[in-house]
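Protein chains: 2
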Amino acid sequence: MPYRAPVEEYQFLFDHVVDLERVAATDRFAEATPDMTAAILSEAGRMCQDVLYPLQRPGDLHPAHLENGVVRTSPGYGDGYRAIAEGGWVSISASPEHGGMGLPMTVTTAVNEMMSSACLSLQLNPLMTQGQIEALEHHASDALKDIYLPKLVSGEWSGTMNLTEPQAGSDVGALRSKAEDNGDGSYAVTGQKIYISWGDNDFTENVCHLVLARLPDGVPGTKGISLFLVPKFIPDETGTPGRANSLKVVSLEHKMGLHGSPTAVMQFDGATGWLVGKPHDGMRAMFTMMNNARLGVGGQGIGVAEGAYQHALAYALDRKQGRTPVEGGTGTIIDHADVRRMLSTMKADIFAARSIALTCAAATDMQTATNDAGWGARAAFLTPIVKAFGTETGMAVSEMGVQVHGGMGFIEETGAAQYYRDVRVTAIYEGTNGIQAMDLVARKLMDGGEAGFAILDEIETLAEAARGQLPDLAEPVWQASESLREAMEWMLENSDLNQRFAGASPFLRAFARVLGGHFHLKAALAEGGNGARTRLARFYITRLLPEHAGLLAHATSGADDLYALSTEDLGA
Amino acid sequence: MPYRAPVEEYQFLFDHVVDLERVAATDRFAEATPDMTAAILSEAGRMCQDVLYPLQRPGDLHPAHLENGVVRTSPGYGDGYRAIAEGGWVSISASPEHGGMGLPMTVTTAVNEMMSSACLSLQLNPLMTQGQIEALEHHASDALKDIYLPKLVSGEWSGTMNLTEPQAGSDVGALRSKAEDNGDGSYAVTGQKIYISWGDNDFTENVCHLVLARLPDGVPGTKGISLFLVPKFIPDETGTPGRANSLKVVSLEHKMGLHGSPTAVMQFDGATGWLVGKPHDGMRAMFTMMNNARLGVGGQGIGVAEGAYQHALAYALDRKQGRTPVEGGTGTIIDHADVRRMLSTMKADIFAARSIALTCAAATDMQTATNDAGWGARAAFLTPIVKAFGTETGMAVSEMGVQVHGGMGFIEETGAAQYYRDVRVTAIYEGTNGIQAMDLVARKLMDGGEAGFAILDEIETLAEAARGQLPDLAEPVWQASESLREAMEWMLENSDLNQRFAGASPFLRAFARVLGGHFHLKAALAEGGNGARTRLARFYITRLLPEHAGLLAHATSGADDLYALSTEDLGA
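For the record, the sequence lines run as chains A and B. Taking full-length UniProt numbering, the leading residue of the first sequence gets 1, the next gets one more, and so forth. Taking full-length UniProt numbering, the leading residue of the second sequence gets 1, the next gets one more, and so forth.
Everything labelled a hint here was simulated from the structure, so no lab data went into it. Among these hints, one or two may not hold up.
Chain copies aren't distinguished; within one or between two, either way the pair holds.
Below, computed lysine-lysine pairings styled on DSS-like, alpha-carbon distance capped at 25 Å [to be verified]:
#1 K223 to K248
#2 K320 to K223
#3 K278 to K145
#4 K178 to K320
#5 K178 to K278
#6 K278 to K320
#7 K145 to K320
Kindly produce the complete structure, drawing on both the sequences and the hints.
Here it is, written out as structure tokens:
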């Protein structure tokens with residue numbers, strides 16, 4: 001059951017849902033013509049199908065491992081990585097100044113998603129590099145840029161993010177890694193970092209670590225943190241990697257999934273690094289990287305969902321079992337109502353999550369191109385939704401993918417189980433989904449709800465316009481948006497953030513549900529209210545959208561009853 | 001983080017939720033006094049904590065494997081199994097006539113659940129034997145009973161169920177295994193069976209296979225299937241295992257979880273077997289076994305949920321991260337609202353699922369004791385709900401358990417991931433959850449809804465009685481029951497079963513949600529409407545129960561829109 005890149009689906013979304021035309025109408029992204037994006041999607045899609053997908057299972061069976069302190073990657077990963085690098089897929093959105101294509105994040109998001117469908121473990125490597133490129137473009141000195149960016153952009157070198165320490169996970173401000181000025185423009189970085197994705201590999205010439213650490217005069221907490229670029233091999237003036245830096249991989253984790261991606265404990269022992277951005281201003285640079293990565297991780301969830309869906313669909317179209325209730329059906333299990341319910345749910349939710357992710361990416365692009373704060377605020381508002389709902393969709397769809405396979409789903413050879421195991425981490429890393437939800441109801445509502453209400457206004461405007469043509473779809477979307485608006489007002493009225501946090505996760509999910517209804521409606525309208533997309537929209541709006549009401553009841557219950565349940569009450 | 005058997009919780013449920021007193025008031029179960037059940041719970045609980053729980057991870061790390069055609073089990077499993085057998089925990093509910101304790105299924109259900117929490121892989125072995133004992137008690141000849149039951153009851157021998165074949169999974173009627181009369185009272189059984197849990201082991205003296213096969217004059221489909229008892233070693237007249245039968249384990253599956261449980265492909269080559277029940281009447285005997293097993297598998301889901309919950313709770317009470325928003329709190333992550341939301345959800349759903357399972361078991365007991373068809377119908381109605389909602393709760397709670405652990409959740413050493421992987425199969429085996437849902441809306445509504453409406457009547461009677469004392473809890477439960485009643489009426493009005501099947505899964509889940517509200521309310525009332533159980537009930541009824549409305553909208557959407565989405569529409 002090979003993976004087939006859904007190129008036409010992205011094309012439809014570009015044209016009719018996220019309005020890539022508007023992005024391409026800007027000077028900044030004038031090159032993103034329909035011809036160009038079509039060529040990229042089909043070229044990248046082919047690479048995903050032919051080169052990356054065959055690496056998915058070998059990576060699971062033969063995890064990256066440590067051999068005398070050196071990471072050995074899974075069979076074929078070196079070749080797979082070179083195909084990504086040579087295709088330019090690391091740096092679709094990187095600045096042309098250093099060799100990137102300079103194309104919209106919308107396009108990168110689609111390509112990243114295809115790579116995730118094909119081989120999540122390997123895709124995580126260039127995803128980390130992309131975040132590093134963006135952080136350096138925005139915050140590094142020209143000297144650093146000149147040395148590092150061409151190599152990262154070309155894929156000759158790869159990048160990592162070193163944030164977490166054993167005592168500093170979600171609370172990054174608790175980190176203890178230190179940096180001291182060497183007096184020659186460089187710093188000596190010391191500390192231990194954990195959960196470092198692709199902390200090392202055996203296929204790039206260098207590995208560049210962005211490390212959060214505290215300078216001697218850094219205050220405690222997040223305001224005393226600085227960001228350093230610490231390469232595995234220190235480049236000379238020509239950019240050629242020279243002597244090995246004082247850092248090493250201490251160990252690799254044994255994980256439930258994502259075996260092809262080495263997750264390292266990194267030790268820095270006075271390793272030589274260079275400051276990125278200003279002293280004590282590391283969190284700002286880190287957030288550049290994190291926002292990029294959160295959009296990317298949401299896309300990972302959607303990519304895995306797509307892979308799991310294709311896998312399950314192929315099985316359902318092949319497997320015969322029982323008398324099927326459909327005259328003129330396929331005679332396979334897809335004719336059974338409950339199997340069809342699962343597949344329809346999977347497809348409808350993938351569409352919803354993908355539309356949200358590409359819309360967020362397009363808002364990022366509009367901000368880049370126009371410097372309009374409104375677009376920036378929209379992208380910022382949607383980012384936690386993309387991350388959490390994208391990864392939840394990845395988990396839920398891969399779970400249903402296993403179920404569609406019946407007993408075969410639990411057998412590793414089938415492949416369905418790997419999606420389920422691999423994707424689980426995406427709800428955790430780059431900020432757990434709980435952190436995303438807290439971000440949404442706190443930081444992202446600091447504008448008094450402006451960005452969020454603007455989205456609701458759009459949803460309702462579209463629903464109102466659709467009332468004549470598709471009343472059975474338009475009305476529930478409009479109603480759901482109104483309920484969401486009330487819940488958002490409830491959030492804004494509660495200045496005690498913990499009141500909001502108690503319902504943050506269901507609020508985020510409800511927001512995603514309503515957005516999904518909006519985009520399904522938009523897609524239905526784009527085909528004139530009659531066709532496959534309208535039928536899928538009807539399925540979603542009739543059967544899945546109603547979930548929002550229960551979620552909003554939960555979301556607006558406040559913290560008091562929650563904390564009334566004491567820790568003793570929770571005792572097992 | 002050791003497992004602690006929740007003995008007091010079962011005791012509370014026995015006393016205040018499932019009314020074990022009523023069961024113990026019957027002649028049949030007069031021995032099930034509070035003292036007796038307390039002793040059993042605490043003795044079995046101790047064994048689970050001290051003997052079984054330490055086997056959980058070794059089983060995962062060192063899967064059962066095949067060595068020259070012989071199954072070698074995980075380290076310590078032999079000793080663990082002997083502790084189960086010697087404690088009498090295989091046969092709490094088996095008839096005293098053959099050495100069983102003759103106690104209610106309610107008690108067995110609690111003990112099975114504790115064993116599942118401690119070591120799911122090993123617990124599956126006696127669970128299969130229990131089903132076999134029940135099938136033989138009801139359907140076997142006295143001669144077979146005399147030879148097999150004492151050995152199965154004592155745990156010297158173990159039992160398996162051989163139903164599935166590659167082309168015959170959910171559609172068991174498609175099986176091709178054959179049996180021919182040997183003319184001496186025995187039959188020659190030939191065929192291949194797959195997914196045979198504990199198809200062999202190296203710690204019981206014999207393994208007894210119940211095999212579905214077709215006699216030469218058996219018609220196609222389920223009506224031509226007979227059931228045979230086929231032992232690994234053929235016993236002589238004294239019951240001593242003698243020559244090896246013509247059967248073998250062909251291979252073991254590589255599974256996502258449950259590594260300690262060998263899942264076998266079995267080959268029977270004219271193996272000697274004995275008919276259980278009448279010719280062509282195998283399905284009836286199989287359903288005796290299956291109903292027992294479905295209740296048991298639901299309990300497995302709940303047991304894993306309990307284990308995962310305790311694991312996550314311990315972690316949350318230990319892990320410090322970030323400034324916590326609670327004055328006088330623990331200073332650990334349990335003070336964070338989103339973590340507390342997850343833990344509260346886990347605990348509230350475990351209570352709901354466990355109450356449903358024990359209520360189903362108690363109805364089984366009442367039917368056994370009184371032969372009252374009403375109790376039988378209630379048990380039959382609740383069985384698919386226990387199986388599907390119990391296992392869904394296992395999946396959802398173990399998923400949240402991973403999330404509570406953050407990054408540690410994805411690392412195998414933590415143990416959180418194993419619950420998540422192990423429990424996944426429970427939604428699939430013994431009839432997928434989709435099959436359970438179809439059973440609920442078709443076969444279990446063949447009484448015109450009598451059994452289901454009787455449950456709703458009880459829910460509403462209790463809610464009405466509680467209106468004065470706990471109006472904020474009673475009213476939503478009453479309302480939810482009314483909505484469920486309408487949905488059930490919708491089901492009954494649709495004689496085309498596929499209209500029902502299109503919403504069967506959400507209907508089953510909604511039914512469980514409402515039952516959960518009912519039992520939470522009952523528990524709150526039992527403590528006088530003021531205490532930990534009332535606070536948990538308020539959490540559930542305010543935040544989780546509202547999910548039913550969205551589910552019922554889905555449940556009553558019918559099949560037409562679903563099938564309007566063609567297989568081409570679903571194309572990726």
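Here is what the structure says about each hint:
1. K223 to K248: neither (28 Å within a copy, 67 Å between copies)
2. K320 to K223: between (61 Å within a copy, 20 Å between copies)
3. K278 to K145: Within one copy, since 15 Å is at most 25 Å while 82 Å is not.
4. K178 to K320: Between. Shortest inter-copy distance 21 Å satisfies the 25 Å Cα cut-off; intra-copy 62 Å does not.
5. K178 to K278: Within. Shortest intra-copy distance 16 Å satisfies the 25 Å Cα cut-off; inter-copy 78 Å does not.
6. K278 to K320: neither (63 Å within a copy, 30 Å between copies)
7. K145 to K320: For K145 and K320, neither the intra-copy (58 Å) nor the inter-copy (38 Å) Cα distance is at most 25 Å.
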